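Trainee: Chains B and C supply the protein sequences, listed in that same order.
Take 4 as the starting number for the first sequence in our numbering and just add one per residue.
Take 4 as the starting number for the second sequence in our numbering and just add one per residue.
In case anyone wonders, no lab produced these hints; they're calculated from the structure.
Just to be clear, a hint being listed does not mean it is correct.
As the list makes no split between identical chains, a pair holds if one copy fits it or if it spans any two.
25 angstroms max Cα-Cα, derived DSS-like pairs, lysine-lysine [as the list claims (entries may be wrong)]: (1) K109 to K274; (2) K257 to K109; (3) K257 to K274; (4) K257 to K312; (5) K274 to K67.
Remember, it's a predicted structure, so these values are computed and weren't measured experimentally.
2 protein chains.
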Amino acid sequence: MNGAESLVQTLLDGGVEVCFTNPGTSEMHFVAALDEVPGMRCVLCLFEGVVSGAADGYARMAEKPASTLLHLGPGLGNAIANLHNARKGNVGIVNIVGDHATYHVKYDAPLTADIEGLARPVSQWVRTSQSAAELPGDTAEAVAQARRGQIATLILPADASWGNDSPGAVGIPELPEPALADEEDLAAAIAALSLGAKCMVLIGGVHVSRERAAQMDRLAQSCGVRVALDGFMTRVAGGEGMPPLERIPYFAEKAISVFENLEHIILLGCKPPVSFFAYPGISSVLTQEHCQVHRLTGPWDDIDDTLEKLVSAAGAAELVPRSLPCEPPELIPGALSEKSVAAAFAHYLPADAIVVDEAVTSGALCYPFAERARRHDWMMETGGAIGWGIPAAVGAAVACPERKVVCLSGDGSAMYTVQGLWTIAREALDVTVIIFANQRYAILEIEFARTGARGGIPGPNAAQMLHLGNPELDFLQLAGGMGIHATRAETADQFIEQYSKAVTTTGPHLIEVMMLDTRA
Amino acid sequence: MNGAESLVQTLLDGGVEVCFTNPGTSEMHFVAALDEVPGMRCVLCLFEGVVSGAADGYARMAEKPASTLLHLGPGLGNAIANLHNARKGNVGIVNIVGDHATYHVKYDAPLTADIEGLARPVSQWVRTSQSAAELPGDTAEAVAQARRGQIATLILPADASWGNDSPGAVGIPELPEPALADEEDLAAAIAALSLGAKCMVLIGGVHVSRERAAQMDRLAQSCGVRVALDGFMTRVAGGEGMPPLERIPYFAEKAISVFENLEHIILLGCKPPVSFFAYPGISSVLTQEHCQVHRLTGPWDDIDDTLEKLVSAAGAAELVPRSLPCEPPELIPGALSEKSVAAAFAHYLPADAIVVDEAVTSGALCYPFAERARRHDWMMETGGAIGWGIPAAVGAAVACPERKVVCLSGDGSAMYTVQGLWTIAREALDVTVIIFANQRYAILEIEFARTGARGGIPGPNAAQMLHLGNPELDFLQLAGGMGIHATRAETADQFIEQYSKAVTTTGPHLIEVMMLDTRA
Chain B
4 MNGAESLVQT LLDGGVEVCF TNPGTSEMHF VAALDEVPGM RCVLCLFEGV
54 VSGAADGYAR MAEKPASTLL HLGPGLGNAI ANLHNARKGN VGIVNIVGDH
104 ATYHVKYDAP LTADIEGLAR PVSQWVRTSQ SAAELPGDTA EAVAQARRGQ
154 IATLILPADA SWGNDSPGAV GIPELPEPAL ADEEDLAAAI AALSLGAKCM
204 VLIGGVHVSR ERAAQMDRLA QSCGVRVALD GFMTRVAGGE GMPPLERIPY
254 FAEKAISVFE NLEHIILLGC KPPVSFFAYP GISSVLTQEH CQVHRLTGPW
304 DDIDDTLEKL VSAAGAAELV PRSLPCEPPE LIPGALSEKS VAAAFAHYLP
354 ADAIVVDEAV TSGALCYPFA ERARRHDWMM ETGGAIGWGI PAAVGAAVAC
404 PERKVVCLSG DGSAMYTVQG LWTIAREALD VTVIIFANQR YAILEIEFAR
454 TGARGGIPGP NAAQMLHLGN PELDFLQLAG GMGIHATRAE TADQFIEQYS
504 KAVTTTGPHL IEVMMLDTRA
Chain C
4 MNGAESLVQT LLDGGVEVCF TNPGTSEMHF VAALDEVPGM RCVLCLFEGV
54 VSGAADGYAR MAEKPASTLL HLGPGLGNAI ANLHNARKGN VGIVNIVGDH
104 ATYHVKYDAP LTADIEGLAR PVSQWVRTSQ SAAELPGDTA EAVAQARRGQ
154 IATLILPADA SWGNDSPGAV GIPELPEPAL ADEEDLAAAI AALSLGAKCM
204 VLIGGVHVSR ERAAQMDRLA QSCGVRVALD GFMTRVAGGE GMPPLERIPY
254 FAEKAISVFE NLEHIILLGC KPPVSFFAYP GISSVLTQEH CQVHRLTGPW
304 DDIDDTLEKL VSAAGAAELV PRSLPCEPPE LIPGALSEKS VAAAFAHYLP
354 ADAIVVDEAV TSGALCYPFA ERARRHDWMM ETGGAIGWGI PAAVGAAVAC
404 PERKVVCLSG DGSAMYTVQG LWTIAREALD VTVIIFANQR YAILEIEFAR
454 TGARGGIPGP NAAQMLHLGN PELDFLQLAG GMGIHATRAE TADQFIEQYS
504 KAVTTTGPHL IEVMMLDTRA
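Isolated chain B, as found in the complex:
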């Protein structure tokens, strides 16, 4: 058994059954091993940002890691933006990067690069396997790290792949149990619960399942505390049967006012809330100075145990959690608007759909409109690096082939990793992509005003940097060029017709929604 074969077998034995790939010459023995060792589903992507984003989306839904296969430093470079998003969302990936043979690196051939240096800023674990003998053990440790929500980058020299002295597959090491909350911190938090609405329990950086949401609601019902989701959620359940939960807004001023009257904030999974960006004259920290922060459990700690102890201390364990009814919004026919699209989106959202949300501005109403839609899961961009939506939809659809994936994307965002459409077509994934085509970086127009630069009014050069309308992107042709059937909606009625059909049939479809003149 050569190194590559023992690597693939170790992955499979460790439950890593999908490999998103964009290989090169130094990875050919790995590619060969994908046939020698049966069982790995290989999904080719035409760009490495699709690879890493797909691995992220897969792990969020499968609740176990996928593997990547990238080609040396530049291949890793292309994957970095979506590795960043995964890392910020505490999503595990076995990130495999091919390298030259160990003895070849010193010659500084054209593709030689400091791969470890590139990997470290986006990985919690980095190792270069030095031989076929070490490779399966290193692989097993990478799988263990990825299972606990870390980016584990395993660098794979070509001679470690082709070397024939591998001991064969190695079992995955046991992980330490997730840490429990510190007892003193917990006691202080329990005391804070009695302050009712002056206390907030904020959860983020993890999957907020229906069970976790129910526990949050028991605290709200029993103590009157506020319970809230972080602004950008790795994964959160939604729709019918969920309790009501606040969501922290994106814009700092709004978030500051949300936190204004709080005296205590109890954090589960997430860090103390800070502004997404810095602005002149606006505080980075969003809570008031006197607000006491209880950081009970990080994303890898035992959140369920902490929730149980809080609920139990509140005497709320037997409380029946509140549950929103299934009351999807009415359709709003006529002209296109952010409301009419959001209403139709939520109206037809099928049960158990997975929503992948990268609709930066024009789709912002989709989330609140779906509050009483059929039950679903929602994934958001956790690291702020756009170009995540289409790739994450690829991964979610591979993880859950029986569920409809609806991908909400801005036109600007979609262009970063538009190559993901090809993989959706090739794998015949059940994804409906909605492109909110406003032909601008609309968020940057808003941010330009907010930063106060040049009095908030872009000059001609700046305006050119924010507008995408010249030439107009045509997503019907872009999608068609990659084998995806696409339609264009210029009215709400057209959107309703196209979207209702897309979500009630199976397979890839893209709808370009012309939002250009809908903001008035």
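Given chain B, work out where chain C should sit, using these hints.
Mentor: Below, chain C without anything else, positioned relative to chain B:
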């Protein structure tokens, strides 16, 4: 004057007149400054790999650096592959990466990342400017570094941009003179010239102009030494009036046989020749063990002085260099083949065209077929990171608006940074893009066989990783979706008609050449 304005003014004063951009919120004061300080040409790209590749192509033709503008760690991540190519080609870039305000970084907001850590593997110079007061001085140093062919990454915190305590623009520091070759090394190299064909002068990693090529030829004529170009050239003159020069082949076995009988190799600009990749049983070093290597001048040293001293020692200063005539190849009508496309390409290549070459396999004949074409310049991918061609064509066309740019690209390569087509359309650049559509990673099929993995025969999983045919990419639609007029050639006659028209008219055009069945 705020920091951003002093930055832009320092760039302009330093001759950096073009900024390829993909900005975000933290860069809004920079974007605003582009209107407050007039004179910067701003070119928006929809993906950062286009930004960095365009800055590379620009600098190779303009012989001075452009600037980038990237958005935090993920924006830099997306630019890394083409920064790698530029670095390996010794091409200078003022690589500007926006960051959070200095005081905001410690809060680890979603977009916070170790930007310096990501930058170092692809930059020779990295600095985070700590304030508006420091920014213009840091900018001036970045320009100086980029001028001598280095990647200078200047990290720009938002508060250094918006701060109002800038001293204003700062002059660019003087560079030390390029180093001269060591006299002892030079004497040894001069002695080796007398060995005739057992000695080779190899140049690479720099611009090989007509003047440098002429000097090489004087050595060949006077001493009978072999004179050669490295396999992947930053920029090399070609066509009418050039002397004949060998070019080192890509495949290691072929390169080893090219170097077989050498006893001395004199290096100008480039490193000792090594195999692009490692293969089991094939040497990494391409020259024989007994071959003596004379590494006279690195890419930033005084190559012209060294050449002059060699020529003078050979008594060849007065020799008239040989000069290839203008004899473009005859057309080969009928079916498409690598030969018929290469012949037509060279036949119609207009005088002073710039060829940007990322045609990995199907376009390999274009270079030898153009040997006696009209005079032109040729740029190659110097770091092996594909996705360079279309962006580099953007940059070359911005640098030389009066010259036709012909971009040769594989279909697989083109997909990495296909967003560059939009910038070609927006800026109405005079670029003809030729896509060699063979619907596969053909180089990987060859490499799979060469590595000997699985006996050289891909199994079903591996074959899926190497083929792009399902679904077929349609570059007519992809180009149309980004505002580029495109045509498809299925016969040599169609290619001849479409290409001859494209290169005799001005403006963007793409030709998809269907190479699928042409390899027999």
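Trainee: Compare the structure with each hint and give your call.
Mentor: Going down the list of hints, with the structure as the test:
| no. | hint | in the structure |
| --- | --- | --- |
| 1 | K109 to K274 | between (42 angstroms within a copy, 12 angstroms between copies) |
| 2 | K257 to K109 | between (54 angstroms within a copy, 22 angstroms between copies) |
| 3 | K257 to K274 | within (18 angstroms within a copy, 57 angstroms between copies) |
| 4 | K257 to K312 | neither (32 angstroms within a copy, 70 angstroms between copies) |
| 5 | K274 to K67 | within (23 angstroms within a copy, 45 angstroms between copies) |
The structure shown violates just one earlier hint, number 4.
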